[in-house]
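J.: As a plain string of letters, each chain reads:
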Amino acid sequence: MVPLTRSAGARPTARSAGWGQGVTVTALAILFVFPLAWSGWASVRQPGGFGVAAYQRLFTADNGVQVRHLGNSLLVCALTVVGTLVVATLGGYAFGRFSFPGRDLLFLLTLAILTVPYATILIALYVLLGWLGLADSLVGLSLVLVTFQLPFAVFMMRNSFEAVPRELEESAYVDGCGTFTALTRVLLGAVRPGLVTVSLFAFLSAWNEFFAPLILLNSTDTFTLPLAVVNMRTASYGSIDYAALESGVTFMALPCVVLFLVLQRSYVRGFTSGAVKG
Amino acid sequence: MRAVTGSGPRGRRRAAAGLLYASPTLVMVVTFFVVPLGLVGWMSLHRWPLLGTPTINAPDNYTAATGDSLLRSATWFTVKYTLVVTPLLFCLALAMALLVQHRRRGTGVVRTAFLLPMAVGFASASVLFLGLLSDEIGPVTGALTRLGLVDGYVSWVSGSPGSALGASVVLVLWRFGGFMMLLFLVGLQAIPTEVYEAARLDGASRRQILFRITLPLLRPTLALVLTLIVTGSLLAFDQFWILTRGGPDNSTTSLVMVVYRNAFVRFDLGSAAAVSILLLAGLLAINVVQLGVLRRRSR
Amino acid sequence: MRGPTRARGTRVRAARAAAVAISLVLVTAGCGGGSGEAAPTGDGRSSSATAAVDDGTTLTMWTRAGTEALSRAYVDAYNATHRNQVRLTGYPNEEYPAKLASAAGARALPDLFAADVVFAPQYAAEGLWQDLTDRLATTGLADRLAPGHVRAGTWEGRGYAVPHVIDLSVMFYDRKLFTRAGLDPDKPPVSLGEFAEAARAVGRLGGGVHGTYFGGNCGGCVEFTFWPSVWASGGTVLAPDGRSSTIASRQMADVFSLYRALYQEGVAAPASKDEAGPTWLAALKGGKVGIAPGPSAWLDLIEKAGVDVGVAAIPGLDGGESTFVGGDAVGIGATSAHAAQAWDFVAWTLSDAAQVEVVAKGKGVPVRTDLAVNAYSSADPRLVTINTIAAKGQTPYARNFNASFNDPQSPWLRAVRGALFGDAPAALAEGDAAITASLRQQ
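Chains as they are written, first to last, in this note's numbering: chain Y, 1053 to 1330; chain V, 107 to 405; chain C, 12 to 453.
In isolation and in its complexed conformation, chain Y is listed as follows (with noise of 0.2 Å):
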């Protein structure tokens, strides 16, 4: 959390703020990681002790977990970032240092798109898929995610190439590269605390997304593992598998909370970059 830090100029306030604070702040926090913390103990405890039953039960039955559905989670994920990646790479460049008619309307337009949350259009999306042969289709689904991303994304990397130093990209044009060899060869290294930033918040909302894979998909062998997951909650033969359930919660969960956890301050540079300023 590093980017936040405020100087050391207000610092006698907070001193004098005291104790009462200390315990709240604590109790705050410890009622934030607490239902994480509990799903995962949840996830291993089982009668007598602790194992990993919940975890077998949760790829096992019959409605459970497929490794498919992992597959399909991890396909929809890489086709989101690396489809956000090059759209907002080429666009943001695009944007942050070219001039072209349209240019502002096509931005403006792009950020529109935050005014118009996803799940009013998901109707219409749905039936364009449809058209377009892409229904029950994660790659279908994968442009949808990206689309939504664009906003943030192209914001993001707009911002990102403006603050590269011009004469970084003219000493390219010197050795005589052309724009696109500029980007690839000089700019992408430049831009590259950007690129982590915009890939994981792809990521994360790629893998976490349940409503639009909810219209989307229809079949079992498309669907994503929080669909998946989320299946187990109407559980066949007459009982609710809550600790299945929490272990596939704590399954979800952990790559994020490992992502998250490394890659913090990428994900803290997303709004002080001011992009989610728009």
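If you're looking for bench data, these hints aren't it; they were derived computationally from the structure.
A virtual CB, placed ideally from N, CA and C, is assigned to each residue, including glycine.
Hints should not be assumed to be uniformly reliable.
[Said to hold, decoys possible] Label-pair restraints from in silico Cβ distances:
1) C:215 <-> V:245: 32 to 40 Å
2) Y:1113 <-> V:317: 19 to 27 Å
3) Y:1317 <-> V:192: 24 to 32 Å
4) V:388 <-> C:364: 55 to 63 Å
5) C:277 <-> Y:1079: 53 to 61 Å
6) V:136 <-> C:363: 57 to 65 Å
7) C:196 <-> Y:1101: 34 to 42 Å
8) V:140 <-> C:368: 56 to 64 Å
9) Y:1073 <-> V:257: 58 to 66 Å
10) Y:1076 <-> V:255: 19 to 27 Å
11) C:162 <-> V:388: 37 to 45 Å
[To be verified] Covered stretches of chain Y (chain V as the covering partner; in silico rule of three or more C-beta atoms under 8 Å from a C-beta of chain V):
12) 1129-1143
13) 1147-1154
14) 1240-1251
Given chain Y, put chains V and C in place with the hints provided.
T.: Leaving out everything else, chains V and C in the frame of chain Y:
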């Protein structure tokens, strides 16, 4: 920094290159945003079955919407939910941001703890709470029983409209508190330290600093957070779909659930589109009013 | 020197950028043509249009989890004896209707799908199944199939689905708990009043045992188990055309007030109020419930859980008996390209071999009325009970059945909740109007 504007062959070539680099964005935005946006409006004017040919029936989908009692109760509930969640989440996030604004020992850990729920998908979080609040495996009922607050069997998510709403609100506070806190922290960081120092030299109390300096200077962030919370609440789906199933007695059926139901239970994509359009219009109106009010006040 | 180089370079680079952009467009467009929609095979009712083909095609089939075991039995037996192979997928009951709908809109329906028989009118009307009229005529079985199911699968004179699984609502009672409560396990209640008294007697045992259990937050569960009592008492729930509700009747009010009293007295387990369906079976097979109505298809599962279970008909208020003839109908998906092969499976499921050696042998109720008495049914007296009850039952018919009665947001569930836990008289009156409005919604 602005892009180089040029005239002559070089400028034109650069313009062409820029257009080409922007073309994937253009294709995506047009195909998956502009076209569906138009399509949803077009669909709302039709009787649009799942299979078969749509036929124009305007304005039946809209007139039917006005007489739909489920839609009416869902609208009322969605507004009520928004009115409950918005101040709670707003104040919690602001309080959290103010608490961890200054870097002290352990602040980093605390901030990470606050942000950790962000790593859990909202659908996952809803499933998590389903277990957490269940009688069978969750610790909540047991703990409250020991404290003597409840007695015996309690169904938090479907027992009563109040507890179902409460469970959903707690879930949302947990899941999004850190996220909103982060936005506030970014805004707080942008306030120059000198302003605080000047205020303190003038002998301002902490309360005065908060209400006279911090909050007014934070206005753009407040507006952003408010917009995000209101929009998110009006579109609430996952938590009710998974946690409460809209119950008990439709008491937690949200507008987006009605959209889903019209499309896939009633097989009527046209009326689902009409409800979407109404929802979209409402959202735009609220955001315009909100921005207008905040802009006027900031002048 | 620099100028020209640069210009050429830019052109090349621009071309490369264009290639990237265009290939992206092509990816989008290419997928549009590539994955290809399965063309509906509704064309031409030529001579071969009714043929059944067994040529080794792999067929996809969907069903709901609740009846999956029975579909699975059909499929296993069919796959073992045919070149065609059916791949069966079961979906959770609650998710299934929406899943079917979204697949239909995406023109991605499976080759075969079974559905809750009460939803069949909607699927037939919306064209989710292919027309089976001519094919069924070639079998000569049309008038020997469960009539309620056949009607449900008929729309405007054409048949779209045939009966697949028959599931009846019956009264289950725990013989051991009956004995402990001083009741005669060989004399199950013959009126709803006796049912209530038996439940109260068992409820007095205490120790976590409850008199009865019902799905108080589940429209489908309540209609399946309460309506037979209304029918047996001479009441109705729907107009025959399925466009008007008749739930605001004296019989309906009396049935609800009886269950309402059982809940208020604590005779019905407290969890009955929140039971939305998923944990219904767990409660019935837990050995802690004295007597409760439920689906006959669960007999085997309850028994396997170690409950010494008795089966009786669901009685009316003052005697009489009836049942909700539920279960599944099966048809060929409208977008299937393998209709002839799919028909081979459907036709086989109606054969004597399938109905006797698969359904009856597995303690199921045959969908063929002429096979109600068979080698297996006479071996188990409870099956005789179930098969006799079947003849006295009804299958309600309405095109908007799901949205009006089964869906969690249905007006019926709202009325049920009011009648059981809230303002009972108002609930049925208001529900009656709301259900009629929903039934007529287009």
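J.: Taking the hints in turn, state whether each one holds.
T.: A quick look at each hint next to the structure:
Separation of residue 215 (chain C) from residue 245 (chain V) is about 33 Å and conforms to the stated range, judged on CB atoms against 32 to 40 Å. Judged by the Cβ atoms, the range 19 to 27 Å given for residue 1113 (chain Y) and residue 317 (chain V) is violated: they are separated by roughly 55 Å. Between residue 1317 (chain Y) and residue 192 (chain V) the beta carbon distance is about 30 Å. The supplied range of 24 to 32 Å therefore holds. Separated by about 60 Å at the C-beta atoms, residue 388 (chain V) and residue 364 (chain C) satisfy the suggested range of 55 to 63 Å.
As the Cβ distance of residue 277 (chain C) to residue 1079 (chain Y) is approximately 39 Å, the hint placing it in 53 to 61 Å is violated. Hint check: residue 136 (chain V) to residue 363 (chain C), Cβ distance near 60 Å, so the stated range 57 to 65 Å holds. Between residue 196 (chain C) and residue 1101 (chain Y) the beta carbons are some 41 Å apart, a value that agrees with the proposed interval 34 to 42 Å. Roughly 59 Å separates the CB atoms of residue 140 (chain V) and residue 368 (chain C), a value that falls within the hinted 56 to 64 Å.
In this structure the hint that residue 1073 (chain Y) and residue 257 (chain V) lie 58 to 66 Å apart at CB is violated, the actual value being about 36 Å. At roughly 22 Å, the beta-carbon separation of residue 1076 (chain Y) and residue 255 (chain V) lies within the given 19 to 27 Å, and the hint holds. Take residue 162 (chain C) and residue 388 (chain V): their Cβ atoms lie about 43 Å apart, and the range 37 to 45 Å holds. Counting residues of the stretch 1129-1143 of chain Y whose CB falls under 8 Å from any CB of chain V gives 5; the rule of at least 3 is met.
Here the stretch 1147-1154 of chain Y counts 8 residues with a CB under 8 Å from a CB of chain V, which clears the bar of 3, and the coverage holds. Here's how the stretch 1240-1251 of chain Y fares: 0 of its residues keep a CB closer than 8 Å to some CB of chain V, so the rule of at least three is not met and the hint is violated.
Of the hints listed earlier, those the structure fails to meet are numbers 2, 5, 9 and 14, in rising order.
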